[in-house]
Amino acid sequence: MKTIDENSCACNDGACAPGAMNIGENSENRITTARYILAGIPILAVWWLLYELLEPVARWLAAHFAQYLTVFHLSPGVIEHLRSTVEFFFFEGPKVLMLLLLVVFGVGVVRSWFSPEKTRKILAGKRESAGNVLAALLGVVTPFCSCSACPLFIGFVSASVPLGVTFSFLISSPMVNEVALVLLYGLFGWKIAAIYMSTGLVIAIIAGWTIGRLKMEHYLEDWVLELQVGESAAWEEEKKSFADRIRYGLEAVREIVGRVWIYVLLGIAVGAGIHGWVPTGTMASIMGKSTWWSVPVAVLIGIPFYSNAAGIIPIVSALMEKGAALGTTLAFMMSVIAISLPEMVILRKVLKPRLLMIFAGVVAVGIIIVGYLFNVLI
1 MKTIDENSCA CNDGACAPGA MNIGENSENR ITTARYILAG IPILAVWWLL
51 YELLEPVARW LAAHFAQYLT VFHLSPGVIE HLRSTVEFFF FEGPKVLMLL
101 LLVVFGVGVV RSWFSPEKTR KILAGKRESA GNVLAALLGV VTPFCSCSAC
151 PLFIGFVSAS VPLGVTFSFL ISSPMVNEVA LVLLYGLFGW KIAAIYMSTG
201 LVIAIIAGWT IGRLKMEHYL EDWVLELQVG ESAAWEEEKK SFADRIRYGL
251 EAVREIVGRV WIYVLLGIAV GAGIHGWVPT GTMASIMGKS TWWSVPVAVL
301 IGIPFYSNAA GIIPIVSALM EKGAALGTTL AFMMSVIAIS LPEMVILRKV
351 LKPRLLMIFA GVVAVGIIIV GYLFNVLI
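302 is the number that the working numbering gives to position 302 of the sequence shown; each next residue is one higher, with no gaps.
Rather than coming from a laboratory, the hints here were simulated on the basis of the structure.
Among the hints, erroneous ones may be present.
[Claimed, not checked] When the alpha-carbon atoms are kept at most 27 Å apart in a straight line, the in silico BS3-like pairs for lysine-lysine are as follows: (1) K121 to K215; (2) K95 to K215; (3) K121 to K240; (4) K352 to K191; (5) K289 to K191; (6) K322 to K118; (7) K191 to K95; (8) K289 to K118; (9) K191 to K349; (10) K322 to K289; (11) K239 to K118; (12) K95 to K322; (13) K352 to K215; (14) K289 to K121; (15) K322 to K121; (16) K118 to K215.
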(Lines of atoms letter the chains of each structure in order from A and count residues from 1; the text may use other names and numbers.)
(Lines give C-alpha, C1' and ligand atoms only; values in the text may rest on other atoms or scores of the structure.)
Protein backbone atom coordinates (compact mmCIF):
# COMPACT_ATOMS: atom_id res chain seq x y z
CA MET A 1 0.00 0.00 0.00
CA LYS A 2 1.32 3.42 -0.99
CA THR A 3 2.08 5.71 1.96
CA ILE A 4 1.95 9.46 2.01
CA ASP A 5 4.73 11.45 3.64
CA GLU A 6 3.29 13.44 6.50
CA ASN A 7 5.45 16.48 5.62
CA SER A 8 4.04 16.62 2.11
CA CYS A 9 0.44 16.19 3.16
CA ALA A 10 -2.23 18.82 3.36
CA CYS A 11 -3.51 20.05 6.69
CA ASN A 12 -3.48 18.52 10.12
CA ASP A 13 -5.30 19.99 13.11
CA GLY A 14 -6.07 23.17 11.19
CA ALA A 15 -2.44 23.91 10.28
CA CYS A 16 -0.97 23.28 6.84
CA ALA A 17 2.10 21.04 6.62
CA PRO A 18 5.31 22.54 5.17
CA GLY A 19 4.94 20.70 1.86
CA ALA A 20 1.47 22.06 1.25
CA MET A 21 2.55 25.56 2.21
CA ASN A 22 5.49 25.43 -0.22
CA ILE A 23 3.24 24.24 -3.04
CA GLY A 24 0.83 27.08 -2.32
CA GLU A 25 3.61 29.67 -2.22
CA ASN A 26 5.17 28.40 -5.45
CA SER A 27 1.82 28.48 -7.21
CA GLU A 28 1.15 32.02 -6.01
CA ASN A 29 4.64 33.14 -7.12
CA ARG A 30 4.10 31.68 -10.59
CA ILE A 31 0.76 33.44 -10.92
CA THR A 32 2.30 36.74 -9.76
CA THR A 33 5.20 36.37 -12.20
CA ALA A 34 2.79 35.68 -15.07
CA ARG A 35 0.82 38.80 -14.17
CA TYR A 36 3.98 40.91 -14.16
CA ILE A 37 4.99 39.58 -17.58
CA LEU A 38 1.52 40.09 -19.09
CA ALA A 39 1.43 43.65 -17.74
CA GLY A 40 5.00 44.33 -18.84
CA ILE A 41 4.47 43.57 -22.55
CA PRO A 42 1.99 46.42 -23.25
CA ILE A 43 3.96 48.73 -20.96
CA LEU A 44 7.10 48.12 -23.02
CA ALA A 45 5.15 48.74 -26.24
CA VAL A 46 3.89 52.08 -24.90
CA TRP A 47 7.40 52.94 -23.69
CA TRP A 48 8.85 52.33 -27.16
CA LEU A 49 6.12 54.37 -28.87
CA LEU A 50 6.65 57.35 -26.54
CA TYR A 51 10.44 57.09 -26.95
CA GLU A 52 10.12 57.27 -30.75
CA LEU A 53 7.86 60.34 -30.47
CA LEU A 54 10.18 62.34 -28.20
CA GLU A 55 12.22 64.08 -30.89
CA PRO A 56 9.34 65.27 -33.12
CA VAL A 57 7.30 66.35 -30.10
CA ALA A 58 10.25 68.31 -28.64
CA ARG A 59 10.84 69.97 -32.03
CA TRP A 60 7.12 70.86 -32.31
CA LEU A 61 7.01 72.34 -28.78
CA ALA A 62 10.17 74.38 -29.39
CA ALA A 63 8.83 75.71 -32.71
CA HIS A 64 5.56 76.82 -31.14
CA PHE A 65 7.44 78.36 -28.23
CA ALA A 66 9.58 80.36 -30.67
CA GLN A 67 6.47 81.46 -32.52
CA TYR A 68 4.92 82.65 -29.26
CA LEU A 69 8.07 84.67 -28.44
CA THR A 70 7.70 86.76 -31.61
CA VAL A 71 4.93 88.79 -29.92
CA PHE A 72 7.57 90.18 -27.52
CA HIS A 73 9.56 91.66 -30.45
CA LEU A 74 12.76 89.85 -29.48
CA SER A 75 15.62 89.66 -31.95
CA PRO A 76 15.75 86.56 -34.18
CA GLY A 77 19.07 85.55 -32.58
CA VAL A 78 17.62 85.56 -29.06
CA ILE A 79 14.54 83.64 -30.20
CA GLU A 80 16.74 81.01 -31.86
CA HIS A 81 18.84 80.61 -28.69
CA LEU A 82 15.70 80.14 -26.60
CA ARG A 83 14.19 77.73 -29.15
CA SER A 84 17.35 75.62 -29.14
CA THR A 85 17.42 75.59 -25.32
CA VAL A 86 13.79 74.48 -25.05
CA GLU A 87 14.18 71.76 -27.68
CA PHE A 88 17.25 70.36 -25.94
CA PHE A 89 15.49 70.22 -22.55
CA PHE A 90 12.23 68.69 -23.74
CA PHE A 91 14.05 66.05 -25.79
CA GLU A 92 16.93 65.07 -23.51
CA GLY A 93 15.00 65.25 -20.22
CA PRO A 94 12.24 62.73 -20.99
CA LYS A 95 14.66 60.56 -23.00
CA VAL A 96 17.10 60.13 -20.13
CA LEU A 97 14.34 59.56 -17.56
CA MET A 98 12.71 56.92 -19.75
CA LEU A 99 16.04 55.14 -20.24
CA LEU A 100 16.64 55.30 -16.48
CA LEU A 101 13.28 53.69 -15.73
CA LEU A 102 14.01 50.76 -18.04
CA VAL A 103 17.66 50.15 -17.16
CA VAL A 104 17.34 50.72 -13.39
CA PHE A 105 14.56 48.13 -13.33
CA GLY A 106 16.72 45.60 -15.19
CA VAL A 107 19.77 46.24 -13.05
CA GLY A 108 17.56 46.15 -9.95
CA VAL A 109 16.50 42.62 -10.84
CA VAL A 110 20.18 41.66 -11.25
CA ARG A 111 21.01 43.34 -7.93
CA SER A 112 18.59 41.06 -6.13
CA TRP A 113 21.36 38.44 -6.32
CA PHE A 114 23.94 40.82 -4.75
CA SER A 115 23.06 42.04 -1.26
CA PRO A 116 25.77 43.89 0.75
CA GLU A 117 26.26 40.76 2.86
CA LYS A 118 26.70 38.54 -0.19
CA THR A 119 29.09 41.03 -1.78
CA ARG A 120 31.26 40.97 1.35
CA LYS A 121 31.11 37.19 1.42
CA ILE A 122 32.22 36.95 -2.22
CA LEU A 123 35.16 39.33 -1.73
CA ALA A 124 36.33 38.09 1.68
CA GLY A 125 39.57 36.14 1.47
CA LYS A 126 40.14 36.80 -2.24
CA ARG A 127 43.72 37.37 -3.39
CA GLU A 128 44.36 40.98 -4.28
CA SER A 129 44.87 40.68 -8.05
CA ALA A 130 41.74 38.61 -8.71
CA GLY A 131 39.94 40.38 -5.88
CA ASN A 132 40.56 43.82 -7.39
CA VAL A 133 39.03 42.77 -10.71
CA LEU A 134 36.06 41.07 -9.04
CA ALA A 135 35.47 44.01 -6.68
CA ALA A 136 35.49 46.53 -9.55
CA LEU A 137 33.01 44.41 -11.53
CA LEU A 138 30.74 43.98 -8.51
CA GLY A 139 30.82 47.73 -8.03
CA VAL A 140 29.00 48.17 -11.35
CA VAL A 141 25.94 46.19 -10.23
CA THR A 142 25.71 47.18 -6.58
CA PRO A 143 23.54 50.04 -5.30
CA PHE A 144 26.05 52.06 -3.34
CA CYS A 145 27.04 55.71 -3.67
CA SER A 146 29.71 57.87 -2.08
CA CYS A 147 27.44 58.62 0.88
CA SER A 148 27.62 54.89 1.74
CA ALA A 149 31.43 54.88 1.71
CA CYS A 150 32.00 54.85 5.47
CA PRO A 151 29.65 52.00 6.52
CA LEU A 152 30.64 49.94 3.48
CA PHE A 153 34.32 50.40 4.24
CA ILE A 154 33.82 49.28 7.83
CA GLY A 155 31.77 46.26 6.76
CA PHE A 156 34.36 45.15 4.19
CA VAL A 157 37.36 45.57 6.49
CA SER A 158 35.63 43.77 9.36
CA ALA A 159 34.84 40.87 6.98
CA SER A 160 38.57 40.46 6.19
CA VAL A 161 38.30 41.87 2.67
CA PRO A 162 41.83 43.10 1.73
CA LEU A 163 42.30 46.86 1.85
CA GLY A 164 43.19 47.22 -1.84
CA VAL A 165 40.17 45.14 -2.88
CA THR A 166 37.93 47.33 -0.71
CA PHE A 167 39.22 50.46 -2.43
CA SER A 168 38.63 48.94 -5.88
CA PHE A 169 35.00 48.45 -4.93
CA LEU A 170 34.61 51.91 -3.40
CA ILE A 171 36.01 53.57 -6.53
CA SER A 172 33.99 51.52 -9.01
CA SER A 173 30.62 51.55 -7.24
CA PRO A 174 29.81 55.29 -7.38
CA MET A 175 31.71 55.99 -10.61
CA VAL A 176 30.67 53.12 -12.90
CA ASN A 177 26.99 52.51 -12.22
CA GLU A 178 23.85 52.08 -14.27
CA VAL A 179 22.80 55.73 -13.90
CA ALA A 180 26.11 56.93 -15.37
CA LEU A 181 26.02 54.40 -18.18
CA VAL A 182 22.40 55.18 -19.11
CA LEU A 183 23.06 58.91 -19.21
CA LEU A 184 26.22 58.46 -21.26
CA TYR A 185 24.43 56.16 -23.70
CA GLY A 186 21.48 58.52 -24.01
CA LEU A 187 23.59 61.65 -24.54
CA PHE A 188 26.71 60.30 -26.31
CA GLY A 189 25.96 56.82 -27.66
CA TRP A 190 27.20 53.35 -26.75
CA LYS A 191 30.86 53.92 -27.74
CA ILE A 192 31.42 56.71 -25.20
CA ALA A 193 29.48 54.74 -22.56
CA ALA A 194 31.71 51.70 -23.19
CA ILE A 195 34.87 53.86 -23.04
CA TYR A 196 33.78 55.37 -19.74
CA MET A 197 32.93 51.98 -18.22
CA SER A 198 36.19 50.36 -19.31
CA THR A 199 38.40 53.23 -18.16
CA GLY A 200 36.50 53.53 -14.87
CA LEU A 201 37.04 49.83 -14.20
CA VAL A 202 40.74 50.09 -15.08
CA ILE A 203 41.19 53.02 -12.68
CA ALA A 204 39.37 51.13 -9.91
CA ILE A 205 41.42 47.96 -10.43
CA ILE A 206 44.84 49.62 -10.72
CA ALA A 207 44.24 52.14 -7.92
CA GLY A 208 43.03 49.42 -5.55
CA TRP A 209 45.92 47.12 -6.49
CA THR A 210 48.45 49.95 -5.96
CA ILE A 211 47.06 50.80 -2.52
CA GLY A 212 47.09 47.10 -1.62
CA ARG A 213 50.77 46.79 -2.63
CA LEU A 214 51.67 49.69 -0.33
CA LYS A 215 50.49 47.69 2.73
CA MET A 216 48.88 50.65 4.47
CA GLU A 217 46.52 48.84 6.81
CA HIS A 218 48.19 50.55 9.79
CA TYR A 219 46.91 53.88 8.46
CA LEU A 220 43.34 52.89 9.17
CA GLU A 221 41.83 54.52 12.23
CA ASP A 222 42.55 52.40 15.33
CA TRP A 223 38.89 51.70 16.10
CA VAL A 224 38.43 50.25 12.59
CA LEU A 225 41.35 47.86 13.10
CA GLU A 226 39.79 46.59 16.31
CA LEU A 227 36.62 45.48 14.57
CA GLN A 228 36.28 41.74 14.28
CA VAL A 229 33.59 39.61 12.76
CA GLY A 230 32.12 37.41 15.49
CA GLU A 231 29.82 34.44 15.36
CA SER A 232 26.89 36.81 15.02
CA ALA A 233 28.12 37.72 11.54
CA ALA A 234 27.02 34.36 10.15
CA TRP A 235 24.75 34.94 7.22
CA GLU A 236 22.49 32.77 5.16
CA GLU A 237 21.17 33.89 1.80
CA GLU A 238 17.43 34.43 1.64
CA LYS A 239 15.86 32.56 -1.24
CA LYS A 240 13.88 34.75 -3.63
CA SER A 241 11.38 33.78 -6.29
CA PHE A 242 11.41 35.47 -9.68
CA ALA A 243 8.36 37.46 -8.61
CA ASP A 244 10.38 38.70 -5.62
CA ARG A 245 13.17 39.79 -7.95
CA ILE A 246 10.72 41.69 -10.16
CA ARG A 247 9.43 43.45 -7.05
CA TYR A 248 13.05 44.23 -6.14
CA GLY A 249 13.51 45.83 -9.57
CA LEU A 250 10.36 47.91 -9.15
CA GLU A 251 11.55 49.03 -5.72
CA ALA A 252 14.92 49.99 -7.23
CA VAL A 253 13.08 52.19 -9.74
CA ARG A 254 11.12 53.85 -6.95
CA GLU A 255 14.20 54.48 -4.80
CA ILE A 256 16.87 55.35 -7.39
CA VAL A 257 14.83 57.21 -9.99
CA GLY A 258 12.85 58.86 -7.23
CA ARG A 259 16.13 60.11 -5.75
CA VAL A 260 17.95 61.26 -8.89
CA TRP A 261 15.24 62.59 -11.23
CA ILE A 262 15.57 66.13 -9.93
CA TYR A 263 19.35 66.05 -10.50
CA VAL A 264 18.78 64.73 -14.01
CA LEU A 265 16.45 67.61 -14.86
CA LEU A 266 18.67 70.23 -13.18
CA GLY A 267 21.73 68.93 -15.02
CA ILE A 268 19.86 68.86 -18.33
CA ALA A 269 18.57 72.40 -17.67
CA VAL A 270 22.16 73.63 -17.22
CA GLY A 271 23.20 71.64 -20.28
CA ALA A 272 20.33 73.14 -22.25
CA GLY A 273 21.50 76.64 -21.32
CA ILE A 274 25.04 75.85 -22.49
CA HIS A 275 23.64 74.22 -25.65
CA GLY A 276 21.47 77.21 -26.51
CA TRP A 277 23.67 80.15 -25.52
CA VAL A 278 27.39 79.23 -25.54
CA PRO A 279 28.85 79.70 -29.04
CA THR A 280 30.20 76.57 -30.70
CA GLY A 281 33.95 76.24 -30.18
CA THR A 282 34.06 78.47 -27.11
CA MET A 283 35.20 75.66 -24.80
CA ALA A 284 37.98 74.58 -27.19
CA SER A 285 40.28 77.32 -25.90
CA ILE A 286 39.72 76.27 -22.27
CA MET A 287 39.12 72.50 -22.35
CA GLY A 288 40.36 71.58 -25.82
CA LYS A 289 43.04 69.08 -26.82
CA SER A 290 45.60 71.78 -27.54
CA THR A 291 45.41 73.16 -23.99
CA TRP A 292 47.94 70.92 -22.21
CA TRP A 293 46.99 71.97 -18.69
CA SER A 294 43.25 71.44 -19.15
CA VAL A 295 43.14 67.86 -17.83
CA PRO A 296 44.77 68.37 -14.39
CA VAL A 297 42.91 71.66 -13.96
CA ALA A 298 39.61 69.90 -14.79
CA VAL A 299 40.37 67.28 -12.14
CA LEU A 300 41.19 69.94 -9.53
CA ILE A 301 38.05 71.91 -10.37
CA GLY A 302 35.93 68.77 -10.04
CA ILE A 303 37.12 67.86 -6.53
CA PRO A 304 35.20 70.56 -4.58
CA PHE A 305 31.95 69.72 -6.38
CA TYR A 306 29.45 67.27 -4.96
CA SER A 307 27.27 65.70 -7.61
CA ASN A 308 26.29 62.29 -8.83
CA ALA A 309 26.35 61.12 -12.43
CA ALA A 310 22.76 62.25 -12.95
CA GLY A 311 23.66 65.89 -12.34
CA ILE A 312 27.06 66.16 -14.00
CA ILE A 313 26.78 64.14 -17.24
CA PRO A 314 24.24 66.41 -19.02
CA ILE A 315 26.56 69.36 -18.32
CA VAL A 316 29.52 67.39 -19.67
CA SER A 317 27.53 66.60 -22.82
CA ALA A 318 26.87 70.28 -23.47
CA LEU A 319 30.54 71.17 -22.81
CA MET A 320 31.71 68.64 -25.39
CA GLU A 321 29.22 69.96 -27.91
CA LYS A 322 30.78 73.40 -27.53
CA GLY A 323 34.35 72.23 -28.16
CA ALA A 324 35.61 70.64 -24.93
CA ALA A 325 37.80 67.58 -25.53
CA LEU A 326 36.52 64.10 -24.59
CA GLY A 327 39.46 63.27 -22.30
CA THR A 328 39.20 66.57 -20.42
CA THR A 329 35.46 66.27 -19.86
CA LEU A 330 35.73 62.62 -18.76
CA ALA A 331 38.48 63.61 -16.31
CA PHE A 332 36.29 66.38 -14.89
CA MET A 333 33.32 64.04 -14.53
CA MET A 334 35.33 61.24 -12.91
CA SER A 335 36.88 63.59 -10.35
CA VAL A 336 33.46 64.95 -9.38
CA ILE A 337 32.06 61.45 -8.88
CA ALA A 338 35.05 59.53 -7.49
CA ILE A 339 37.16 61.92 -5.40
CA SER A 340 34.86 64.77 -4.43
CA LEU A 341 35.63 66.70 -1.26
CA PRO A 342 32.47 65.53 0.55
CA GLU A 343 33.45 61.89 -0.01
CA MET A 344 36.92 62.59 1.38
CA VAL A 345 35.31 64.08 4.50
CA ILE A 346 33.20 60.92 4.92
CA LEU A 347 36.19 58.59 4.45
CA ARG A 348 38.25 60.60 6.94
CA LYS A 349 36.20 58.94 9.68
CA VAL A 350 37.88 55.60 8.91
CA LEU A 351 41.19 56.60 7.25
CA LYS A 352 44.14 58.46 8.68
CA PRO A 353 45.18 61.56 6.66
CA ARG A 354 48.16 59.90 4.95
CA LEU A 355 46.12 56.99 3.57
CA LEU A 356 43.32 59.36 2.55
CA MET A 357 45.78 61.55 0.62
CA ILE A 358 47.37 58.52 -1.06
CA PHE A 359 43.92 57.22 -2.07
CA ALA A 360 42.91 60.58 -3.58
CA GLY A 361 46.33 61.00 -5.23
CA VAL A 362 46.39 57.55 -6.84
CA VAL A 363 42.87 57.95 -8.21
CA ALA A 364 43.59 61.50 -9.43
CA VAL A 365 46.74 60.37 -11.27
CA GLY A 366 44.78 57.54 -12.92
CA ILE A 367 42.06 59.96 -14.03
CA ILE A 368 44.62 62.43 -15.43
CA ILE A 369 46.35 59.65 -17.40
CA VAL A 370 42.99 58.56 -18.85
CA GLY A 371 42.18 62.17 -19.76
CA TYR A 372 45.43 62.71 -21.65
CA LEU A 373 45.16 59.28 -23.29
CA PHE A 374 41.75 59.98 -24.79
CA ASN A 375 42.71 63.50 -25.81
CA VAL A 376 45.55 61.97 -27.82
CA LEU A 377 43.71 58.98 -29.25
CA ILE A 378 40.26 60.46 -29.97
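Taking the hints in turn, this is what the structure says about them:
no.	hint	verdict
1	K121 to K215	holds (22 Å)
2	K95 to K215	violated (46 Å)
3	K121 to K240	holds (18 Å)
4	K352 to K191	violated (39 Å)
5	K289 to K191	holds (19 Å)
6	K322 to K118	violated (44 Å)
7	K191 to K95	holds (18 Å)
8	K289 to K118	violated (44 Å)
9	K191 to K349	violated (38 Å)
10	K322 to K289	holds (13 Å)
11	K239 to K118	holds (12 Å)
12	K95 to K322	holds (21 Å)
13	K352 to K215	holds (14 Å)
14	K289 to K121	violated (44 Å)
15	K322 to K121	violated (46 Å)
16	K118 to K215	holds (26 Å)
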